[in-house]
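Here's the letter readout for the chains.
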Amino acid sequence: TQLLEQSPQFLSIQEGENLTVYCNSSSVFSSLQWYRQEPGEGPVLLVTVVTGGEVKKLKRLTFQFGDARKDSSLHITAAQPGDTGLYLCAGTNNNDMRFGAGTRLTVKP
Amino acid sequence: DTAVSQTPKYLVTQMGNDKSIKCEQNLGHDTMYWYKQDSKKFLKIMFSYNNKELIINETVPNRFSPKSPDKAHLNLHINSLELGDSAVYFCASSPDWRFGNTIYFGEGSWLTVV
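The listed protein sequences correspond, in order, to chains A and B.
Just so you know, we're using this note's numbering here: the first sequence kicks off at 15 and counts up by one.
Just so you know, we're using this note's numbering here: the second sequence kicks off at -4 and counts up by one.
Pulled out of the complex, with its shape left as it was, chain B reads as follows (with noise of 0.2 Å):
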């Protein structure tokens, strides 16, 4: 069974669109996490919520915006998608919201903007 799971694996969309990237977790944690691993591969948190509240915002335009319905649940919707929101996004999770716990990562949501 898959612990940490997204989808979709790969999205190719046009520039201006609105898009969905869904996450869900099977391992009884608190914590979920969004990441954003771009082109040379630096991994960057976006956001972080633990039991369905927002801990952590990185500056991230506002065209992101999470959404965690439980806390087995953490989407990610992006508004008026750009060039350069083209990326990996990983949807990990983690025990709970203390630093240094071990993050379980999903495979990955490839997204083209074209």
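This is chain A alone, in the form it adopts within the complex (with noise of 0.2 Å):
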């Protein structure tokens, strides 16, 4: 079973600043999802990465998948208010998928 650790824990900026949050993990994933988790909701999905080294870009946000496809980072540019939430990573190999115990992200106004 694979671990996957997200770091930081919890992550409190100011509306404006720039942030990278973390995804690692020693086993390799066949794809990686990331989700966020606004409070009292359930995780909605806002990115899927299957292919090592790939970049996907979703306004504001910007996933990369690492190149041996252990790691996925999450790069939130300007960050706003509405950006705060829980981002969960999740991880899949062929016979298993797993999440991360997530990032709270808090934005300041």
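No wet-lab data here; the hints were simulated from the structure.
Misleading hints may appear alongside valid ones.
Derived list of chain B stretches under chain A, where covered just means 3 residues or more per stretch with a C-beta under 8 Å from a C-beta of chain A [claimed, not checked]:
1) 12 to 25
2) 65 to 77
With a straight-line cut-off of 27 Å between C-alpha atoms, the simulated DSSO-like cross-links for lysine-lysine are [said to hold, decoys possible]:
3) A:LYS71 - B:LYS36
4) A:LYS84 - B:LYS62
5) B:LYS36 - B:LYS62
6) A:LYS71 - A:LYS122
Predicted model, so just to flag it, every value in this text is computed and none were measured.
Idealized CB from N, CA, C, for every residue including glycine.
Mind assembling these two chains? They're in different frames, but the hints should get you there.
In structure tokens:
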């Protein structure tokens, strides 16, 4: 069973700042997903990356899959209060899919 | 229209009681799940059903019994509730059983055992 470690666990920043959160593992994944969970809601998929080195952009969010497909990062440019939430990564291989413990992001106005 | 709906959203009950959480999806998906999210926000799969058949059963106490009357419904029944069962339970669905599909989550059911 692969273990996904997300860092930092908590992050509190001011509106307009940039940030990067990480998802790391010793296992190789066939794909990796990022979800955002807002308070009182279920997680919602942001992106799926499948190719080593792949970079995907979603407005101010940039997702990168590591070359070795063991890790991923999420970079947010000019964060806004609406970005506040729990960011979860989920890694998949042929037999399993597991979620990380998440990074709780708070963006203060 | 809500894609994955679960009821109740909030449930407070005493230790030892039996309770059920219902889930329905209108996405036409073949696969449904129950996840548990603890106080530290760690999301862990409990069960997965594909076309009414159980395909994943993680190490979950047998007090938890899922039931899938059809592929659009997956209900969770919990017997003899314990304090440690307090958590948020998420129902979810995906197009099929293959890992890596997008998982669509319900809004969660907040269970508090007192």
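- Has the given pair, A:LYS71 with B:LYS36, been kept, meaning a C-alpha gap of at most 27 Å? Holds, at roughly 26 Å.
- Message: Just to be careful, I want the Cα atoms of A:LYS84 and B:LYS62 compared with a cutoff of 27 Å; is the pair within it?
- Response: Judged against 27 Å, a Cα distance of about 36 Å means the pair is violated.
- Message: So if I understand the rule, the pair passes when the alpha-carbon distance is 27 Å or less; does A:LYS71 with A:LYS122 pass?
- Response: Holds. A:LYS71 to A:LYS122 sits at ~23 Å (cutoff 27 Å).
- Quick check: the stretch 12 to 25 of chain B, covered by chain A? Criterion 3+ residues, Cβ under 8 Å. With 0 residues closer than 8 Å to chain A, the stretch 12 to 25 of chain B misses the three-residue bar; violated.
- Do the alpha carbons of B:LYS36 and B:LYS62 lie within 27 Å of each other, as the hint requires? holds, 25 Å
- Message: Cut-off 8 Å, C-beta pairs, minimum 3 residues; does the coverage of the stretch 65 to 77 of chain B by chain A stand?
- Response: violated (count 0)
Checked against the numbered hints above, the structure violates hints 1, 2, 4; every other hint is satisfied.
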